[in-house]
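K.L.:
The chain contents come next:
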Amino acid sequence: MNNQKLQITIWSVVIGCMIIGGFLGVYIIGKEAGEYNYEIVIAIIVGVVLGFIIYLLFSKWNKKRNGNVPDVDERSVLLMKSYLMGVLYVVLFGSGAVLLILYSMGVHFIETGLLIVCMMGLYMLIGLGAIITKRL
Amino acid sequence: MKVINHIKEIRQKKGITQVKMAEDLQITRQTVNAIEKNKYNPSLELALKLIQYFDVPIEELFYLEKPEGE
Numbered sequence: 001m002n003n004q005k006l007q008i009t010i011w012s013v014v015i016g017c018m019i020i021g022g023f024l025g026v027y028i029i030g031k032e033a034g035e036y037n038y039e040i041v042i043a044i045i046v047g048v049v050l051g052f053i054i055y056l057l058f059s060k061w062n063k064k065r066n067g068n069v070p071d072v073d074e075r076s077v078l079l080m081k082s083y084l085m086g087v088l089y090v091v092l093f094g095s096g097a098v099l100l101i102l103y104s105m106g107v108h109f110i111e112t113g114l115l116i117v118c119m120m121g122l123y124m125l126i127g128l129g130a131i132i133t134k135r136l
Numbered sequence: 001m002k003v004i005n006h007i008k009e010i011r012q013k014k015g016i017t018q019v020k021m022a023e024d025l026q027i028t029r030q031t032v033n034a035i036e037k038n039k040y041n042p043s044l045e046l047a048l049k050l051i052q053y054f055d056v057p058i059e060e061l062f063y064l065e066k067p068e069g070e
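Chains G and R, in that order, give the protein sequences.
When you line the first sequence up against our numbering, it's residues 1 to 136, in that order.
When you line the second sequence up against our numbering, it's residues 1 to 70, in that order.
Be careful, since some hints might not be right.
Unchecked claim - Calculated pairs, DSBU-like style, for lysine-lysine (alpha carbon to alpha carbon, straight line, at most 30 Å): (1) Lys81(G) <-> Lys14(R); (2) Lys37(R) <-> Lys20(R); (3) Lys66(R) <-> Lys63(G); (4) Lys63(G) <-> Lys2(R); (5) Lys20(R) <-> Lys31(G); (6) Lys81(G) <-> Lys37(R).
No lab work stands behind these hints, which were simulated from the structure alone.
No experiment lies behind these values; they were computed from the predicted model shown.
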């Protein structure tokens with residue numbers, strides 16, 4: 001599979017997943033509220049397509065500025081490997097330490113909603129770190 | 001022992017910019033900079049590509065830093 005075909009496939013999967021996720025959200029909200037709001041569907045599709053167009057324009061502008069230079073090369077792969085290895089240990093031992101500290105402080109129960117928020121924050125931090133590592 | 005290279009001097013002598021070199025070798029400009037500053041040792045594949053790109057013998061491009069007293 002050549003590079004362009006692979007990129008088209010990846011983007012189709014990503015956009016498809018976003019739209020399916022949105023539809024799933026509409027379904028879950030509709031099931032909870034007892035009323036399906038189909039107006040959100042348009043917002044979901046327009047949002048995803050608009051986001052993709054903005055990404056396309058940004059990458060075109062980036063290509064114009066930097067020429068035909070690749071985004072990733074052997075050094076960025078190596079940097080990413082060491083970054084992800086560091087993240088693995090920090091998250092593994094860090095979350096264990098946080099749990100132990102919380103337990104010793106007398107927190108014996110955690111709400112799952114709070115866990116979801118914590119995980120979201122963690123994912124965002126890891127993603128941000130990955131972007132910075134890639135640009136090093 | 002540290003690997004030293006003369007890429008920056010050879011590149012400048014040939015009048016090639018970092019961006020042009022990155023484009024031709026399909027690497028990022030940051031990698032070119034890191035190699036030139038001896039902060040990153042390229043893989044054997046990239047080193048061979050560099051030799052081919054500049055058309056110079058390997059010992060002219062890369063050499064081991066001599067230990068003090070030699």
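K.L.:
Confirm or reject each hint.
P.N.:
Here is how each hint holds up against the structure:
Distance check on the hinted pair: lysine 81(G) and lysine 14(R) sit about 34 Å apart at the alpha-carbon level, beyond 30 Å; violated. At roughly 18 Å between alpha-carbon atoms, lysine 37(R) and lysine 20(R) fall within 30 Å of each other, so this suggested pair holds. Of the supplied pair hints, the one linking lysine 66(R) and lysine 63(G) is violated, its CA atoms being roughly 41 Å apart against a limit of 30 Å. As the CA atoms of lysine 63(G) and lysine 2(R) are separated by approximately 35 Å, the hinted pair breaks the 30 Å bound.
Pair hint lysine 20(R) plus lysine 31(G) does not hold up; C-alpha atoms about 57 Å apart against a cutoff of 30 Å. Restraint check for lysine 81(G) and lysine 37(R): satisfied, since their Cα atoms lie roughly 22 Å apart, inside the 30 Å limit.
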